[in-house]
Amino acid sequence: MAAHTSRAFLSLGRINVPGLGLHKSVSRVTYSTGLSTDSSKATTGSPQKGGKKVLSKKYKREPGDPRTELMPVDQDWTAVYPVATPFIPDAIPLPVRMGCPVKGGAPPEKKGNLELIKIPNFLHLTPAAIKKHCEALKPFCTEWPSALDTDAKCDEHFPIKVETKSYVSAGPSIRNPAARIVHLSVKLSSLNLNDQARKKMLKLVGDRYCKDTDILTITADRCPLKQQNYDYAMYLLTVLYHESWKIEAWEAEKTVADMEEYSWEGSLSQENILDVLVRMKEAGEGEGEEVREQLLGRREVQEYKDSVTRLKNEGENESTMLQYKEAVKKVLKL
Amino acid sequence: MYISAPSCPSSSLPSSTHEGSTGNSTVSCCPTFSENMAAPMALRRELCSLARILSGISHLAPRALGVCSGHNKCNIIRSRLPSTSSTSFHTATVFSSITVTEEPDTLFQMVSVMVKGHDRAVLDSYEFFAKMAAQELGITINKVYEPPKDIERLTVLKSVHIFKKHRVQYEMRTHYRCFELSHMTGCTTQVYLEYIQRNLPEGVAMEVSTTAIEKVPDHILEPMWEDRPIDDKPGQ
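Taken in sequence, the protein lines are chains A and B. Per this note's numbering: the first sequence = residues 1 to 334. Per this note's numbering: the second sequence = residues 1 to 236.
No lab work stands behind these hints: they were computed from the structure. Hints are not guaranteed to be accurate.
What the hints assert, rightly or not - Straight-line C-alpha distance at most 20 angstroms; calculated DMTMM-like pairs for lysine to aspartate or glutamate:
id	chain 1	residue 1	chain 2	residue 2
1	B	Lys215	A	Asp74
2	B	Lys143	A	Asp258
3	A	Lys118	B	Asp124
4	A	Lys132	A	Asp214
5	A	Lys161	B	Asp119
6	B	Lys143	A	Glu163
7	A	Lys329	A	Glu316
8	A	Lys161	B	Asp124
9	A	Lys131	B	Glu127
10	A	Lys200	B	Glu222
11	A	Lys131	B	Asp124
Said to hold, decoys possible - To be clear about the criterion: a stretch of chain A counts as covered by chain B if any three or more of its residues have a C-beta under 8 angstroms from a C-beta of chain B, and this derived list gives those stretches:
id	segment
12	186-192
13	269-280
Where a beta carbon is used, it is the ideal one built from N, C-alpha and C, also for glycine.
Isolated chain B (complex conformation) (with noise of 0.2 angstroms):
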């Protein structure tokens, strides 16, 4: 029901506090690893559920929950998950899959992440867990606010037939809490937030905005048009 991780060797990551440039390094896990990952997650479901019935599990095994949808950039497809990694604190093994690629981390300047529930008490437990696993992972909160909640009623009639004057009504609550977090590397932002929605209680729906800054492309530094043609020239 494990996958295990391939022994690579182990690479040390490089400190990141170059001058203005964006060449801080991915953390990347081993291609075969991250094959095995794009399994189909209903299998792993089954996996686990049957790891849970037949056995007590005394591991942390990967809780498929909803996952951050394939659109989102912050994809599982590059980092490690941390079902593997946890064995390391009941084993106390080296990390040998980890590996350091040259390619350009991207910089969040801001990752805004809104829980809706229908229980609050439910969002300030997930507040505080937040909140800790923020300070842990050395990530900078810029606020965390708690916008008004949003009730929806509705007016049913009460009887099945006639009876116009008896109803009933019903009122769903939604509740919400946002946290800013400023200025994360997309290796953080995946690591945090793949972290945060695999703890994502029942009933709870998440909502990330990201802002992600970039350096202006090559192909808009020049204007291509170097004799500044007077006559037209359709198609150019």
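Just chain A, same shape as in the assembly (with noise of 0.2 angstroms):
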């Protein structure tokens, strides 16, 4: 009895006063069913809750059946899936079943399943949905020249090589440092450089080039920008090249333990193998620059000068000590 009259006065209380606040009909019910029995309290619960229990019965409606009920087995799935939309149970007709298996049964079925709603899923993608987005970017497309097919013909035509990477991530900035970094690579034997130039060429760059592939590489990352980067290895490029080509006055007082290589001509072991022919009497009777000159033209003295040489110059290994030796034994006809 004294239940049904609170709820009376819950009922009047709401009736009565729309346009005010919900606070105020709310402290209107408090008011009145603090002077309501215990009793009424412990059959009704909570007396707000009760109040809106009876409310939203008069306005809740009943949910329909699933989009996927109504969903013909042709259509367009573009057009229900367009975006990267979160997983929806109701509008995917898949029975989908994602999570841990309960013993001995399935894994839990898609209503309301969270690992579902997690993990990006790529229904906005199916393969018609590629398609006709390409079809859309196909005019923005250019196509790769013709001529161009391999990669060496690539390297004739195009020889500088520019290299820069670019990053794409989510986080509090979307700029990476890092992606300021631009190699520039170009094989020296495409720039028009005489022999003089690229020693210097060589000397000035050190450890820049490397001697198997003959690439130059500079690295810019000195600048903030990209494009600064860029402009910076082609201003160093331009001129390394310019400086090389430059001839300065004390370059004629390179010794010879500056020079690159090793020339055979006017050095230590000419001088030796030539006294040492004289010695052995091989050009017959006779002194001075003649009798040199005739042995260094001989065939012998000629294989003795390119064993030496590739010695020197690639270092000791199988072939090279063989060649010396054999250049050696016809040279001295051991």
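Reassemble the complex: the two chains are provided individually, in unrelated frames, and hints are given to aid placement.
Here you go:
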């Protein structure tokens, strides 16, 4: 009896004061039910809950069939999932199950499954959707020139290679400072350099040159922007090129110790072998320059010269030592 | 919420099969459109989310994910975004804002795309998508391979205070997938990379390494010292 009166009070309070805020009606409700007995509280539970239950039943509507029931089999899926959207179980007509299976049972179903919502889905990128997107993107693409089909042709016509990296990731900042680094590589054989210029260039660049592949690599990372680093790398290449063609006055004082390669002419080895041959009296009698020049023209001496040059330049390995041995045997007629 | 492209006279793309020349034209959009596109991404993101909340979207709205950084050559300034073009496959309108310039296109001998993520299944799906997109756009795929995963482990104390013998171990697994594409022009690279990056799933990062090839510039063809000076000339 008291419960009914309290409920009546509640409803009265709510209906009479629709315009005022809910707080006031709630406060009215609490005041009115504060007078009611404990039994009413026990039976109805919290008065506010009871009141809400009564009211919400009036406005609640039935959830209809899930959309999957109404989908035809040959529908356009690209219209259902055109963009990346989280997994909606009522919009996807697939009996997907995901999660840890119950013992002796199946993984949980898709309805109310958090695992399916958490994982990124590719429902918006079905093959049909990809084809449609690519059809729309085709007009913006250009073709690769058909004449440059091999790497060799690319190197021949376009010898300079610029390598850059860019990064995409989620985080507090979309910038990545490693994206400013630029590597510029070029084959020295494709540049217009004569012998002296090439040697000077090699001395100027030092470690940046790789002898096996004949590639000079300039890495620029001192500027904050990629474009600036690229410009700096091109500037360095230009300066190196022009400086290597320049001949300074003090370059004439180049000593044997500065030479990059061993040259046999005018070396100690040449003097020694000519002395030995003259002493052995190979050329017959007579002293002087003509004898030495005649000796130099001989085939064995030339072979000896080749073997010594090769030994000094390439280092000691099987073939060079063998060649030296053969040449020495021929020259000294052993 | 949609930035509509201004109507420009449509021009056809020239065929780019010149012998050994770099005279491929870039495809660029009208200047007003590019200026609009350079508007802050945050604004577009808000507008897009608002649109999603208010009405069920039936067209492809630009999804503002991590776009490639501004330092990258393949920036969006020149080419058109697929946002506007996608309406056309619903409404079949003529592409009216393609403009062709005479500026020579950059040539990329190799473009290497590496994606990193915590979930191998996600990378598998992404690989399928990227491969299919490349095939549809006519891009040659050199190699698709999976570098071995990295596991970063750490051991921490289980309890807030004392109990040194009881610890907890966590690990973070990073899976990789690498696509190597070869012989792409600058325009194609922009289009493909933008398409790929817009559809990058959550929690996946990407690293793009491009190798552009160029001719030897004019100022390096001949040395500038005509007289080959023997004397020292500092400051030249």
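Verification of the hints:
1. Restraint check for Lys215/B and Asp74/A: the C-alpha separation of about 53 angstroms exceeds 20 angstroms, so the hint is violated.
2. For the given pair, Lys143/B sits about 46 angstroms from Asp258/A by alpha-carbon distance, which is inconsistent with the 20 angstroms threshold.
3. The straight-line distance between the Cα atoms of Lys118/A and Asp124/B is roughly 17 angstroms, inside the 20 angstroms bound, and the hint therefore holds.
4. As the CA atoms of Lys132/A and Asp214/A are separated by approximately 46 angstroms, the hinted pair breaks the 20 angstroms bound.
5. Our distance criterion of 20 angstroms between C-alpha atoms is broken by Lys161/A and Asp119/B, whose separation comes to about 35 angstroms.
6. A C-alpha spacing of about 19 angstroms is found between Lys143/B and Glu163/A, which places the hinted pair at or below 20 angstroms, so the restraint holds.
7. Distance hint between Lys329/A and Glu316/A is fulfilled; the C-alpha atoms sit about 18 angstroms from each other, no more than 20 angstroms.
8. For the suggested pair Lys161/A and Asp124/B, the alpha carbons sit about 32 angstroms apart, so the restraint of at most 20 angstroms is broken.
9. For the proposed pair Lys131/A and Glu127/B, the alpha carbon gap of about 16 angstroms is at most 20 angstroms, so the pair holds.
10. At roughly 16 angstroms between alpha-carbon atoms, Lys200/A and Glu222/B fall within 20 angstroms of each other, so this suggested pair holds.
11. Restraint check for Lys131/A and Asp124/B: satisfied, since their Cα atoms lie roughly 19 angstroms apart, inside the 20 angstroms limit.
12. Judged by the Cβ-Cβ criterion of 8 angstroms, the segment 186-192 of chain A is covered by chain B as claimed, because 4 of its residues qualify and three suffice.
13. Chain B is given as covering the segment 269-280 of chain A, and this is violated because 0 residues of the stretch bring a CB closer than 8 angstroms to a CB of that chain, at least three being needed.
Of the hints listed earlier, those the structure fails to meet are numbers 1, 2, 4, 5, 8 and 13, in rising order.
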